[in-house]
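Asker: Take a look at the letters that make up each chain.
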Amino acid sequence: MRELALHILDIAENSVNASSTMVRISIHENTVSDRLSFSITDNGNGMDEELIRQVVDPFYTSRTTRRVGLGLPLLKAAAELCNGGLTITSSVNKGARVSCWFQHSHVDRMPLGDMVSTMTMLLIGYPDIHWIYRYEFNDRLFEFDDEYFKKELGDIALSEPTIISFLRCHLEEGMHGVRELLLLSLP
Amino acid sequence: MSTVKTLEDLKKIREEALEKKKAKATSGAIQVTIGMGTCGIAAGARDAMKAILDVIEADNLSGVIVTQTGCIGLCEKEPIVQVTIGEAPMVTYGKVTPDVAIQIMKDHVIKNQIVTGNQIQLA
Numbered sequence: 042m043r044e045l046a047l048h049i050l051d052i053a054e055n056s057v058n059a060s061s062t063m064v065r066i067s068i069h070e071n072t073v074s075d076r077l078s079f080s081i082t083d084n085g086n087g088m089d090e091e092l093i094r095q096v097v098d099p100f101y102t103s104r105t106t107r108r109v110g111l112g113l114p115l116l117k118a119a120a121e122l123c124n125g126g127l128t129i130t131s132s133v134n135k136g137a138r139v140s141c142w143f144q145h146s147h148v149d150r151m152p153l154g155d156m157v158s159t160m161t162m163l164l165i166g167y168p169d170i171h172w173i174y175r176y177e178f179n180d181r182l183f184e185f186d187d188e189y190f191k192k193e194l195g196d197i198a199l200s201e202p203t204i205i206s207f208l209r210c211h212l213e214e215g216m217h218g219v220r221e222l223l224l225l226s227l228p
Numbered sequence: 145m146s147t148v149k150t151l152e153d154l155k156k157i158r159e160e161a162l163e164k165k166k167a168k169a170t171s172g173a174i175q176v177t178i179g180m181g182t183c184g185i186a187a188g189a190r191d192a193m194k195a196i197l198d199v200i201e202a203d204n205l206s207g208v209i210v211t212q213t214g215c216i217g218l219c220e221k222e223p224i225v226q227v228t229i230g231e232a233p234m235v236t237y238g239k240v241t242p243d244v245a246i247q248i249m250k251d252h253v254i255k256n257q258i259v260t261g262n263q264i265q266l267a
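From first to last, the protein sequence lines stand for chains A and B.
Everything in the first sequence is counted per the numbering used here, starting at 42 for the first residue and increasing by one.
Everything in the second sequence is counted per the numbering used here, starting at 145 for the first residue and increasing by one.
Wrong hints could be hidden among the right ones.
In silico SDA-like links for lysine to any residue, alpha-carbon gap of 20 Å or less [stated by the list, open to error]:
1. A:LYS191 <-> B:ALA232
2. A:LYS191 <-> B:ASP153
3. B:LYS194 <-> A:MET42
4. A:LYS192 <-> B:LYS194
5. A:LYS192 <-> B:GLU160
6. A:LYS192 <-> B:LEU162
No lab work stands behind these hints: they were computed from the structure.
Taking the hints into account, I'd like the entire structure generated from these sequences.
Answerer: Given below as structure tokens:
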């Protein structure tokens with residue numbers, strides 16, 4: 042996977058498979074502290090210490106369960122190569138939180154990639170889950186909480202054409218706005 | 145079709161969608177499912193789903209339900225897309241590149257003609 046956005050999609054799929062009803066995806070790009078970090082927090086089944094150890098180790102991951110593939114170990118290795126890391130905090134029935142960080146300016150750091158597509162897929166693909174998306178660039182924040190949005194829509198499917206347009210536009214402009222404002226504030 | 149940007153416009157979208165739904169109620173439901181396991185994502189499932197949403201948006205296709213599923217054990221055939229139209233049996237496609245995804249939407253979903261080239265038979 043060549044984008045962080047694909048890894049984020051992969052981790053969020055794990056959250057969905059762990060029977061979560063709420064998933065929060067949070068990204069922070071900080072060019073001052075030279076750090077790009079993100080976390081995926083859910084309220085699903087969670088994992089015990091043994092399973093946490095297994096999901097980040099490619100040699101212990103059980104293929105028969107297919108619960109987690111090679112996604113996490115590869116991401117952890119990529120982060121460590123860029124002066125970063127990956128941690129998982131979780132306990133059984135208490136949800137899970139995957140945090141990952143990179144040196145922002147590291148030449149081998151994967152690009153963040155297409156987060157608009159990742160979020161659109163998750164929102165449309167799993168309408169029963171409460172999604173919260175936060176994108177922070179230095180001190181500017183864009184936040185999208187789909188609760189209000191879905192309440193307004195009622196029983197209309199999110200895969201209706203006008204709604205796909207709305208979601209894409211809203212996410213695109215939200216993220217762009219956070220970045221653009223920063224550029225305008227430069228001397 | 146004008147693009148909608150603000151949350152305030154949602155009510156309007158909802159009313160429009162409700163009217164379309166009424167008009168569509170007689171035809172069979174269309175469901176498109178994309179495999180989004182690690183294997184699917186690594187093989188390009190997000191691009192396939194993006195292409196599917198592009199067609200829905202561009203052709204203004206109302207009433208198509210797009211969902212995701214995890215790994216179904218056919219990792220080597222990913223990205224996998226499954227289409228169900230009304231009461232007809234589900235059709236499974238493998239190696240769905242964005243171009244194949246567009247073809248599936250244009251031929252199968254719109255004209256109800258199965259795309260034979262990428263169809264896979266589930267045992």
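Asker: Given the hint that LYS191 of chain A pairs with ASP153 of chain B, does the C-alpha gap stay at or below 20 Å?
Answerer: Judged against 20 Å, a Cα distance of about 13 Å means the pair holds.
Asker: LYS194 of chain B and MET42 of chain A were given as a pair; does the straight-line alpha-carbon distance stay at or below 20 Å?
Answerer: It holds: about 16 Å lies between the C-alpha atoms, which stays within 20 Å.
Asker: Hint check: LYS192 of chain A vs LYS194 of chain B, CA-CA at most 20 Å. Holds or violated?
Answerer: Judged against 20 Å, a Cα distance of about 25 Å means the pair is violated.
Asker: Given the proposed pairing of LYS191 of chain A with ALA232 of chain B, does the C-alpha separation stay at or below 20 Å?
Answerer: 30 Å, violated
Asker: Between the alpha carbons of LYS192 of chain A and LEU162 of chain B, is the straight-line distance 20 Å or under?
Answerer: Measuring from Cα to Cα gives roughly 14 Å; hence the hint holds.
Asker: Given the hint that LYS192 of chain A pairs with GLU160 of chain B, does the C-alpha gap stay at or below 20 Å?
Answerer: Measuring from Cα to Cα gives roughly 16 Å; hence the hint holds.
In the structure shown, a violation is registered for the earlier hints numbered 1, 4, in ascending order.
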